[in-house]
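Asker: Sequence:
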Amino acid sequence: MSGRQSLGARLGCLTLAVLLGTWLVTGCGPATGLEEPVPGRVRSPLGGRPAAARLALGQYHSVGVHSDGTVWAWGYNRQGQLGNGTFTDSPTPVQVANLGGVVSVASGDYHALGLRSDGTVWAWGDNYSGQLGNGTNTASPVPVRVKNLSGVVSLGSGFSHALALRSDGTVWAWGDNRYSQLGNVAATSSNLPVQVPGLSGVIAVMAGGYYSLALRSDGTVWAWGDNRFGQLGDGTTATRNVPVQVLNLSGVVTLSAGASHTVALRSDGTVWAWGLNTYGQLGDGTNTNRLQPVQVGLSDVMTLVAGNYHSLAVRSDGAVWSWGDNRYRQLGNGTTTSSRVPVQSGLSGGVTLVAGYKHSLVLRSDGTVWSWGDNVFGQLGDGTFNPRSSAVKVSFLSLGRADVTSGQLHSVVVDSGGAVWVWGDNYNGQLGNGTGLDSLVAAPLNLSGSIAVSAGFKHTVVLKGDTTVWTWGVNEYGQLGDGTFTDRPRPVQVVGLSGVSAVAAGNYHALALRSNGTVWAWGFNRYGQLGDGTTTDRPQPVQVSGLSGIVAIAAGDSHSLALRSDGTVWAWGYNFDGQIGNGSYAWHILPVQVAGLSGVVSVAAGGYHSLALRSDGTVWTWGYNGSGQLGDGTTVLNKPAPVQVTGLSGVVSVAAGNYHSLALHSDGTVRAWGFNFDGQLGDGTLINRHSPVKVTGLSGVVSVVAGDYHTLALRSDGSAWAWGYNGEGQLGDGTRNDTLVPIRVLGI
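Here this note's numbering is used: the first residue of the sequence shown is 24, the next is one more, and so on.
None of these hints come from the bench; they were simulated from the model.
These numbers were taken from a predicted model, which means no experiment stands behind them.
Not one of these hints is a red herring.
Computed cross-link-like contacts, EDC-like style, restricted to lysine to aspartate or glutamate with a CA-CA straight-line distance of at most 16 Å:
#: 1; residue 1: 717; residue 2: 141
#: 2; residue 1: 717; residue 2: 690
#: 3; residue 1: 170; residue 2: 141
Here are the computed distance ranges between Cβ atoms for each label pair:
#: 4; residue 1: 168; residue 2: 259; range: 37 to 47 Å
#: 5; residue 1: 508; residue 2: 613; range: 20 to 30 Å
#: 6; residue 1: 311; residue 2: 367; range: 22 to 32 Å
#: 7; residue 1: 191; residue 2: 168; range: 13 to 23 Å
Even glycine gets a Cβ: it sits at the ideal position worked out from N, Cα and C.
All chains, full assembly: derive it from the sequences and hints.
Answerer: Written out as structure tokens, the structure reads:
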């Protein structure tokens, strides 16, 4: 269930941004970065769409969001793009003025954008083309609000235009339109947002220099604007003032745009590129412009990004590769020689990339940020103005990741530095500290470099930055995956498994999503929840049969879910209550498609029910409904096919407990419904709810997860909050007292 699955699994698929704990990372069109929750394909931190992206590069400046919601910037500042009220360059980070509650940033050449948790957008810097979106063309060295725009879940920025994706799947644009990059036939350059016509089901947006891109939930890519170099990929060089489909390309999970070229990552780990190729930035061994996608000679890729005239990629072993323009040392391989084919940069442990005009950044799995390339305005952030041909560490930054999960009676958090914190019931060793003693407050575990966590009934699964998986706790059915059936009170490594990008734990089984789009499973299999065509328990991973192109996973009590890059959902295992969602009640030992669902961007599994978030921000549910956990206003016992949750839109993430469900809204608030005997809905009552109610007194939330009978949330300031049943101290407030409204977890 979502309370037992990794943040990467919960947050879903097909995105260009991700939750990174202390900071979060994104990019812009000409200076673009791609983010991800874990090493692997970029997937949405908040429901499959770009959100919580917290690093961005302009032409000569950089911007980052801290976990407390403040924004920091460094580098060139002559147009006020550092947002601190001055026009003075800075080689180290300075705080953007009067801006808090930010979850995502984007940057153009000389301006920057911030997305707040309430779905509003703020902008600062150059405004010659109206790229600040406030109805004027006056530059501002401090943030101003983009007008007439709400419910935004992600941002993109080109040289001097901006894009916003709303929770309803629509795309909005403003700023420069000389090359029709706003996608609106009627618009000239616009200092207010205008809607891009003819687009729906969009889950990611990205802006190139003078063109724009949208990734739809079916894995297709659409483009509009400047096309002089073939950067729209439609086989022509004709400018397009409305979106056209990129030719011969499907199954895309990651997308990035440079000044005039685009790179795309498919679910099979292959890389494709098109557009301008003057400096070899397409990586196909030539300098020939390409009017439609060509394959780059690099496989097993987990994430990639396009800079102005160069490209970067990270493979499953964490090694960073680069190609294209290197006149300013932006390839990071110790030379100034451009390359038409990928070359290794010499930096390992990479998980997230950001590429600028003449410089590059990499977030490593240990949470540190490294940069190289041109540094004339201090954009490398190392406190100097010296160019670097190999990576140097950015000063004062540690960009760890954060994740939270809950088992039956215990809770686990991975903090921004990769450390694991545990509290609650420990009778069976599920806290992993070897003591067997319960803990009423969060206590550190001797396990570093972690980036995602998921807890089952009495076991825990952790994904580390090196893409290996570690487990501890009860192992009666082999759910620890170490090849034995022996309980483990301390972490052990899952055997034979690497290149993992997400994990999910059911009651007695576990799932892992690898970077090649395949799913692996181990543990209890009586109901076929491992999906290998048998009902044999497995003490080490086996591959789920017939699944490829998977971008997100979830595990319930005894059933499993997988989301494909085409927006369809697949399920297998126990189905007595209809939780498989194919219209029947028959168990399935092999994956079957959930009926009538498309455009899905995130999935979650409860004990005996399932949830799906669609790209339009609506939530759909199926399975057991005895406590109203399907949220359709009824308590009709079972629903074997998806029904829509009533009165709910603008959702960016979903989660499910044993008998209750949760939705994170784009404004940072949480809705809950279903079983409430222990106060797990957080609305101050013990009344079951058959349709969503608002969790009391909680805002600025970036992640929510459900335990069996309690709930946890992470706020943008890095704090953790909990509510519901607390008999074993799983709320982490130092007591065993239940609470009907959120309270803060001590020590986090």
